[in-house]
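Asks: Residue numbers (the numbering used here), protein chains in the order written: chain A, 1 to 120; chain B, 1001 to 1416.
Among these hints, one or two may not hold up.
What the hints assert, rightly or not - Here are the simulated lysine-lysine pairs, DSSO-like style, with alpha carbons at most 30 Å apart:
| # | chain 1 | residue 1 | chain 2 | residue 2 |
| --- | --- | --- | --- | --- |
| 1 | A | Lys40 | A | Lys97 |
| 2 | B | Lys1160 | A | Lys97 |
| 3 | A | Lys97 | A | Lys18 |
| 4 | A | Lys18 | A | Lys40 |
| 5 | B | Lys1160 | A | Lys40 |
| 6 | A | Lys35 | A | Lys102 |
For the record, the hints were derived by calculation from the structure and aren't laboratory data. What you are looking at is a predicted structure, and each value in this text was computed from that prediction instead of being measured.
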Amino acid sequence: MQYMLMIYEDERIYGPDKGGAAMREIVPRHMAFGKELGSKRLAGGGLASTTAATTVRTIAGKQTIHDGPFAETREQLGGYYVIDAPDLDAAIAIARKVPVMKDGSIEIRPVLVPPPAMAG
Amino acid sequence: MTPSALESAVRAAGARIVAALAARFRNLDLAEEAFADACARAARDWPQGGAPDNPAGWLYRTAERRAFDALRARKTRERFAPDAPEPAPSAEDLLMDDNVLIPDERLRLIFVCCHPAVAVEARAALTLRLVCGLSTIEIARAFLITEAALSQRLVRAKRKIAQAGVPFEVPGPDAWAERLDAVLTTLEVAYAKAHEDAAGAGAHAGYAEEMLGLTRVLADLLPTEPEPLAFAALVRYAEARRPARLDARGAMNPLSDQDPALWRRPLIAEADALFDRALATKAPAPRVTQAAIHRAWCARQSLAEPPPWRRILALYDELLSHGDDIVVRLNRAVALAEVEGVAAALAEVDALNSPALQQFLPYHALRADLFRRAGRTLDACAAYEAALALGPALAERAWLQARRDALGQSGRENET
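If we strip away everything but chain A, and leave its shape as in the complex, we get (with noise of 0.2 Å):
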């Protein structure tokens, strides 16, 4: 199964545009743990704050363009990994060892496959 891992941590501590001295830590320890993922690693990357996040949302059929994330939240989705897993416990056991600086969440969402019908 494919699932993603999304990592959402407070990105204060990663300081404006994400420039911080824990930017520096953790980015080499994302590029460790990809290498030691190996092929189960997907695809996977960082994204920049929140503050250079825009919005499009569709409100009965009409488009508006807002500044900002999608939703204030306390913590923020600051990465991702896609990931090839046999299971969920495969893909919680990935989890557990992906990079936070103190505290944060992954949230582990299995990838929709289409049907078989649809993929053929």
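On the provided structure of chain A, position chain B as indicated by the hints.
Replies: Showing chain B alone in chain A's frame:
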């Protein structure tokens, strides 16, 4: 009227059949539907053609074929990746002992139902439904929610298991500390529901029996783990005392007043054997200490023998050494009152000032009893009222009311 061959087979082997199908097809809904389908066929065919020699084996093989048919119909068979090729039903199968024919996959299923990724409030219900085979109406009654709400909870939990890819495997020993704890906590919740009503009325009676079976399965399959052994012992000690939990008028009978002659000795002997195995692992664990407390009570042979309060107090101290817990402190205070006196116990209970305790019936019941013994009649009366206001079950209510009423009489005597 004697139960039909179908009813007997479902009662004896239904849960094992569903567990075996669920483990084989890694799909809870498919297992339940296929089993229901096999039962419907049996209900139609057996009354005319006669029941097969091995009804459980017939149900298992028929349900297995139904599951394959259903998968084929959905044209998604390859996605489910069953363990082995489709079985060819044979005459020999139906002569085989069900215990050989139907693999016991209940342990795998318990770990699925109690996976930490499953909502906490759904785990116990899911385990009772899939592993014990209780009906949704029985479970809904035990958890005091509507059948519709319970069904929705079960549907959501099963969908989560399927979508998130919860594995149908017993986790490796390195993960047991966390996973086994989730399983035991779930079973404790399930058992507390069966145990809390002293009268054991309605759905609870049969369900407590299921807990005996389930804890035995867990203890047998993890024979070197102390906590499943200790929990299996604890459930047996507690069930052994059930015949003495009510007095002649149907009021709750506190443990120290229960006549040990009424306790079920064979069940206590079974519990002792399990407990000894837990102790033999030489791994201290809170559930082993909890079972030791029950064991100390069940060692009492008659009302003439003094209650083992000193031993109980020492065991509660040991339990607190595993981790501080306000309910354990409350129980310890009951023993403390007997060993060191009411004043010491009252001081201890007064020190436990937590807002959560205000909603906890045993807290008020204990304070009422301590005040009564200290001669503080007005305080005792208020505490009994506070306990009764929390809406206890019938047997507990009758006991609390009798205590409060006796207090009124003795209070008046003291005044005159």
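Asks: Each of the hints needs a verdict: does it hold here or not?
Replies: Verification of the supplied hints:
Between Lys40/A and Lys97/A the CA atoms are separated by roughly 14 Å; this keeps the pair inside 30 Å, and the hint holds. About 23 Å separates the Cα atoms of Lys1160/B and Lys97/A, which keeps this hinted pair within 30 Å; it holds. At roughly 22 Å between alpha-carbon atoms, Lys97/A and Lys18/A fall within 30 Å of each other, so this suggested pair holds. This hinted pair checks out: Lys18/A and Lys40/A have alpha carbons roughly 27 Å apart, not beyond 30 Å.
Of the supplied pair hints, the one linking Lys1160/B and Lys40/A holds, its CA atoms being roughly 23 Å apart against a limit of 30 Å. Taking the CA atoms of Lys35/A and Lys102/A, the gap is near 22 Å; set against the 30 Å cutoff, the hint holds.
When held up to the earlier numbered hints, the structure conflicts with none and fits them all.
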